[in-house]
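Using the sequences plus the hints, can you model the full thing?
There are 4 protein chains.
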Amino acid sequence: MESIGRRRWAIAEGYIPPDSSYDSRALLSHEAACILNAGDADANIEITLFVTDRDPVGPYKVQVGARRTLHLRFNDLEDPEPVPRGTDYASVFESDVPIVIQHTRLDSRKAELALLSTVAFSAG
Amino acid sequence: MESIGRRRWAIAEGYIPPDSSYDSRALLSHEAACILNAGDADANIEITLFVTDRDPVGPYKVQVGARRTLHLRFNDLEDPEPVPRGTDYASVFESDVPIVIQHTRLDSRKAELALLSTVAFSAG
Amino acid sequence: MESIGRRRWAIAEGYIPPDSSYDSRALLSHEAACILNAGDADANIEITLFVTDRDPVGPYKVQVGARRTLHLRFNDLEDPEPVPRGTDYASVFESDVPIVIQHTRLDSRKAELALLSTVAFSAG
Amino acid sequence: MESIGRRRWAIAEGYIPPDSSYDSRALLSHEAACILNAGDADANIEITLFVTDRDPVGPYKVQVGARRTLHLRFNDLEDPEPVPRGTDYASVFESDVPIVIQHTRLDSRKAELALLSTVAFSAG
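Chains as they are written, first to last, in this note's numbering: chain A, 11 to 134; chain B, 11 to 134; chain C, 11 to 134; chain D, 11 to 134.
Be aware that a few hints might be false.
Stated by the list, open to error - Ranges of calculated distance between the beta carbons of each label pair, as one might list FRET restraints:
#	chain 1	residue 1	chain 2	residue 2	range
1	B	T97	A	R95	35 to 43 angstroms
2	D	R64	B	P92	50 to 58 angstroms
3	D	D52	A	S34	38 to 46 angstroms
4	B	D50	A	A76	53 to 61 angstroms
No lab work stands behind these hints: they were computed from the structure.
Backbone N, C-alpha and C define an ideal beta-carbon position, used for all residues, glycine too.
So this is what it looks like as structure tokens:
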């Protein structure tokens with residue numbers, strides 16, 4: 011399929027709730043960047059995290075295969091360092107091929123779920 | 011009315027919760043693509059689903075009449091195959107006339123409802 | 011202030027939950043189009059509603075003063091006819107000056123609140 | 011990093027719930043503008059608030075350092091005057107360098123959380 015999307019994306023909102031009411035991976039509080047690579051070439055993506063009081067951290071490197079989607083949880087990023095819980099951050103994604111990014115959070119600090127989602131801001 | 015929208019749309023986030031706390035169609039956990047065809051010609055739409063570990067599935071074919079809206083539930087797609095529950099996916103919509111697509115999920119895995127919604131990413 | 015926005019907007023998703031757990035206006039299940047007119051001229055807006063199985067309804071006429079915001083509840087639209095509850099619809103807004111529209115729903119069918127919001131799709 | 015974003019943003023939806031079920035800052039009902047300044051120059055931002063029945067209020071002045079993010083709570087704005095609770099408003103952000111803005115609300119009027127988020131409308 012013809013590729014769709016942009017090479018550069020920003021998510022200004024980032025916050026991984028420090029607590030969860032559940033142990034299962036599906037219901038654990040988490041924040042995700044849902045990445046779609048609809049094109050015929052693998053996407054090599056570098057992520058930079060911005061915080062409030064020190065220099066940015068990164069790049070985190072992620073690959074999404076051709077014609078695949080990856081629902082990346084920020085909770086799972088470990089290298090160069092884990093994403094702190096309960097802390098405000100923002101992120102920029104730079105890919106070598108066009109991709110589409112949607113931002114989602116599931117918050118299970120309380121027993122009932124809360125959800126948010128928005129398409130990220132794209133440029134370039 | 012003059013048509014409004016684009017011909018090509020992507021929803022990078024897709025996930026149909028595997029459980030529901032209710033049996034009624036209105037409160038069943040579901041994921042929807044709300045499609046608006048404001049123009050004077052019927053829209054013939056092909057949907058391709060992307061997953062994490064195998065080639066895309068599709069096309070699913072949907073028609074939305076002139077000057078009509080369709081709130082399509084991914085739960086209802088059956089041909090060429092049902093959309094798996096509890097699995098990450100993404101989708102691309104290709105229409106022969108301009109349309110507008112908004113993505114919504116109602117999650118009733120717990121007794122209280124959680125909602126998300128965002129306008130899909132448009133191109134072309 | 012210099013005006014900001016577009017003249018033509020679409021909200022593909024529309025659904026007023028038929029029930030509420032509360033009587034107060036603030037917590038009643040409702041769907042809103044939050045309209046910002048940051049410019050120096052009043053905005054005259056015509057809204058057309060699209061449904062699944064018959065011709066569009068409208069125009070509904072709304073005015074938003076210069077340098078004002080209006081959080082319009084679809085629940086409050088009465089002329090030419092009320093918006094049906096528990097029914098899928100979509101909407102197109104046409105203004106004579108640039109405006110910004112954001113779509114929000116508060117769902118209180120269950121005792122706890124669910125919220126969604128997204129900037130509408132803009133064109134022209 | 012190369013800057014990303016726009017200089018002018020609007021959030022048409024604004025409402026700080028008047029009540030909260032919790033005292034902790036994290037779970038207090040609040041509305042936030044998450045601002046990302048990925049570029050190499052500090053961002054000087056002026057915010058104007060629009061309401062339904064009187065002239066706009068502002069500017070509120072905020073600075074976001076180079077390569078930093080700020081998750082600004084409207085609850086915290088005090089000068090020239092606090093943002094009223096339980097009242098509809100909208101906002102326009104004007105920056106001297108490109109930034110990205112995402113809008114989020116946490117509503118804890120009831121014991122369980124409700125969340126919404128969307129990328130703001132950008133222009134210029």
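So which of those numbered hints doesn't the model satisfy?
Numbers 1 and 4 - these are the hints that the structure violates, sorted from lowest upward.
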